[in-house]
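Trainee: Take a look at the letters that make up each chain.
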Amino acid sequence: MDRIESSPSEPRAVSRRRFMVYSLSAATLTVAAPLACDTSRAQGSEPAGAVATGDDDEMLVLEVTKANRVVVRLPRVEVGQGVTTAVAMMIAEELDARLADVDIPLADARTKGNQSTGGSSSVRSLYDPARRLAATARARLVTAAAHRWHLPARTLHTRDTMVLAPDGRKASFGSLSADAARIRRTEVSARPRPAARHKVIGRPTNRIDARDIVTGKAKFTGDLTVAGAKPTVVARPPTLGGRVVSVDDRAARALPGVHAVLRVPGGIAVVAESFHHAFTARDALKIKWAPGPMSSLSDAGIRSRLRAALPALGSPPRGSTQVEGEFEFAFVSHAPMEVLTAIADVRAHRAELWFSTQTPMEARDTIASAVGLPASAVTVHVIRGGGSFGRRLTFDAAIEAALISKAAGRPVKLMWSRNDDTRHGRMRPASHHRIRASHQNGRVIAFAHAMASVNESSGKSGVDQASFVRRASGPAPSDSGLYNFGRLSGDSGGVDLPIPLGAWRSVDAGTARTAEEILVDEIAASLGEDAVAFRRTTLRSTSVRAVLDKVALAGGWGRALPAGHGQGVAVHEEYGSRVACLAEIDATDPRRPRVTRVVMAADVGTVINPRGLEAQLMGTAIDGISTVLSAGLHIDRGAVREGSFADFHWARQRHAPLHFEAHVMPSTADPGGAGELGVPAASGAVANAYARATGTKPRRFPLSF
Amino acid sequence: MPSYSFTLNGEKVTVEAPADMPLLWVLRDLLHVTGPKYGCGVGVCRACTSHLDGDEIQPCVVRVEDCAGRKVTTIEGLADGDTLHPVQQAWLERDVAQCGFCQPGQIMAAVALLKRTPRPTDADIDGIENVCRCGTYSRIREAIEKAAAEINTATPKITP
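Protein chains in written order, with this note's numbering: chain G, 14 to 718; chain L, 505 to 664.
Just chain G, same shape as in the assembly (with noise of 0.2 Å):
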């Protein structure tokens, strides 16, 4: 399997062009289908993001074994999103194989194709493949029994991971799979089964590996061993960007179980017995530190340029009345529980890596080169991740640990303190949005979107990283069409800065959304309509109408609660999916909001598994809960204010909902996106909640900061 797995792009034998699925030569029935990175088959989707392009070259590998394991190497990183969940239960569907007998392991970083994780686009881009390779592995096993067995194949089944024949002989897959691994030719279908008879796609779901993670035995990057790598930190400068004049490390160096101490771009490393000893001796180093380039730079500063760069409106609709807004939103951490951690053993003439990376082809590369190393002698053994929200589209840690294992000369296993991650680690980028809708006798005749972003201007990695930051292409915020308000513009600005930014969980719907979610609450308002019936009659799609009925019903909108209470409504369209997000809030002490209720409704197209969707929804009311209301990074002279959850005030369960259902609205339209689509309807539902339960117009996020 291995020598196959090496060049998965080229197959020796190739058959059954017809569905794209590919014979790899093997001993056990082994099939590959291209993974195509075309995701506009969803309706009404935009392009995935700025990860998902590339070749359409890549091959999803299904092996069966003879342990009669179904084992499907993925080309994608599970953080958390569930992603090997739902292609297990594709794999199931199709093959009619028990769901505990599909391992799905992360593949390694691959030479030729699209292996990024991005874009709320996974089960899109793998819905069909990966369909499509069951179905055929299941008729080459089904076409080995019937040889076997001398029997019709139209005349077997299949079920639990086995070959049934009517006179009752049973098969299991693995002992067929020598014999299918022969089969060209097969007597039986291999095109995947209608939607109609999915009995496992749709099926709510737990998790394949939920076992494991409640018995600590999941294993992350820093809970691997391997041989001699050891524990390593880095001490880093107070500010962003700073730099080390000098440093005296004798007192380091002088304590146990030091082995080594070293500069590096980012400060100076700490190689150590355990990670006890790496601090101690990190806190022992006496560095004298220059300042980074932006220690004249506090929040204020960096708001009044963000100001200063957003274009210009235009000039409003002659004799309309104007609705206007502005908006500010800080620096958000992506804070993943996991922080960065990675594992590099560089040797003279190739090197090998251990880290959760949504974008492993570039992380090599970009490791090669930091390395002086040719691509094809660094493997990148991609691991599964403590969350990501976007944090590990870069590989800020796992370039480091390279570079410190080089110079070393031994493997290190390195870890960002959560402090570091904070500090240094990557953010979403603050920004300022003005909105003005124009209406006239009762309507919205125009609506612009003039929105200012912070931009990563240099790299620190020396790799251009800030291009994983912002959208390639896309829509401008206010591009989306989602109401019908006549005319629309907008257009973007930014603000150059030498700070670690990252694309965060939705990008940049999550502020340009949010914030016109919340102005659409005010033009309702200034025309003297309610909020869910001003978006019912201005929304242009009945997907999007609907989801917000499902809620508005579903939530009890308009029903009465205690004075300081209220609710909120907001709608979201993105990734072929839509969404609506209730909330409702306590505001009675205003200082100290708390969301009590949360109600969602999803049409994502045909949903793999409900209960994962029902998950991310979830996760995405906790993103809007805390980014509106609590957590942020200050700036102050160059500086991140903030350094750990002590004062990252992301929700605890107290600030969580005590209630929170999520609908998942019927459909049989091909697979959207749904990891990030939650984030702006829940964020403005949360907003919008405020504002109604106390009265104020909600302008900078987050709220208490």
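These aren't lab readings, by the way, just hints derived from the structure by calculation. Model, not experiment: these values are computed from the prediction. Glycine included, C-beta positions come from ideal geometry on N, C-alpha and C. Any given hint might turn out to be false.
[What the hints assert, rightly or not] Derived lysine-lysine pairs resembling BS3-like cross-links, with alpha carbons at most 27 Å apart:
{"#": "1", "chain 1": "G", "residue 1": "K125", "chain 2": "G", "residue 2": "K212"}
{"#": "2", "chain 1": "L", "residue 1": "K575", "chain 2": "L", "residue 2": "K619"}
{"#": "3", "chain 1": "G", "residue 1": "K230", "chain 2": "G", "residue 2": "K79"}
{"#": "4", "chain 1": "G", "residue 1": "K230", "chain 2": "L", "residue 2": "K650"}
{"#": "5", "chain 1": "G", "residue 1": "K79", "chain 2": "G", "residue 2": "K183"}
{"#": "6", "chain 1": "L", "residue 1": "K575", "chain 2": "L", "residue 2": "K516"}
{"#": "7", "chain 1": "L", "residue 1": "K619", "chain 2": "L", "residue 2": "K516"}
{"#": "8", "chain 1": "G", "residue 1": "K563", "chain 2": "G", "residue 2": "K212"}
{"#": "9", "chain 1": "L", "residue 1": "K619", "chain 2": "G", "residue 2": "K230"}
{"#": "10", "chain 1": "G", "residue 1": "K212", "chain 2": "G", "residue 2": "K183"}
{"#": "11", "chain 1": "G", "residue 1": "K232", "chain 2": "L", "residue 2": "K516"}
{"#": "12", "chain 1": "G", "residue 1": "K232", "chain 2": "L", "residue 2": "K575"}
{"#": "13", "chain 1": "L", "residue 1": "K516", "chain 2": "G", "residue 2": "K230"}
{"#": "14", "chain 1": "G", "residue 1": "K230", "chain 2": "L", "residue 2": "K575"}
{"#": "15", "chain 1": "L", "residue 1": "K650", "chain 2": "L", "residue 2": "K619"}
[What the hints assert, rightly or not] Covered stretches of chain G, as calculated for chain L (at least 3 residues, CB under 8 Å):
{"#": "16", "region": "221-228"}
{"#": "17", "region": "527-539"}
{"#": "18", "region": "668-681"}
Assemble chain L onto chain G, guided by the hints.
Mentor: Same frame as chain G, now just chain L:
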């Protein structure tokens, strides 16, 4: 270097470590028990939550010398062989986890809560400080309520 002995998940272990070495790194780097996770190192995120003599602790801020002669339980020691603890079982049934990184700590915090407060109120559950960045809080709440019901049914209070 001093050496310390304690009971880890039912087995006696002895480690040579500095007295002030946090239990978290003793577990992870010396004993290769990796269920307790590093998330902040300052006792705030609580991803490392484990038990010391049955009470909740954050091993990132507990010194190894303070564990000598005591019983440390991590997520790995919670199940009875293949039989999961009712809280773990509830976690599976409610499909709580997303990325899973904070979940060992969340489960250990929930077990400790139910030991202190067998019938927790919403406010009691709100008192759990463990951060879940994926935002699984609603399912955590449901799982705790389910586990509480299971535990209370299995061990009814005997009233005279």
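Trainee: Next step is simple, just say for each hint if it's right about the structure.
Mentor: Taking the hints in turn, this is what the structure says about them:
| no. | hint | result |
| --- | --- | --- |
| 1 | K125/G <-> K212/G | violated, 34 Å |
| 2 | K575/L <-> K619/L | holds, 16 Å |
| 3 | K230/G <-> K79/G | holds, 25 Å |
| 4 | K230/G <-> K650/L | holds, 23 Å |
| 5 | K79/G <-> K183/G | holds, 15 Å |
| 6 | K575/L <-> K516/L | holds, 9 Å |
| 7 | K619/L <-> K516/L | holds, 24 Å |
| 8 | K563/G <-> K212/G | holds, 26 Å |
| 9 | K619/L <-> K230/G | holds, 24 Å |
| 10 | K212/G <-> K183/G | holds, 21 Å |
| 11 | K232/G <-> K516/L | holds, 24 Å |
| 12 | K232/G <-> K575/L | holds, 24 Å |
| 13 | K516/L <-> K230/G | holds, 21 Å |
| 14 | K230/G <-> K575/L | holds, 21 Å |
| 15 | K650/L <-> K619/L | holds, 14 Å |
| 16 | 221-228 | holds (count 7) |
| 17 | 527-539 | violated (count 0) |
| 18 | 668-681 | holds (count 5) |
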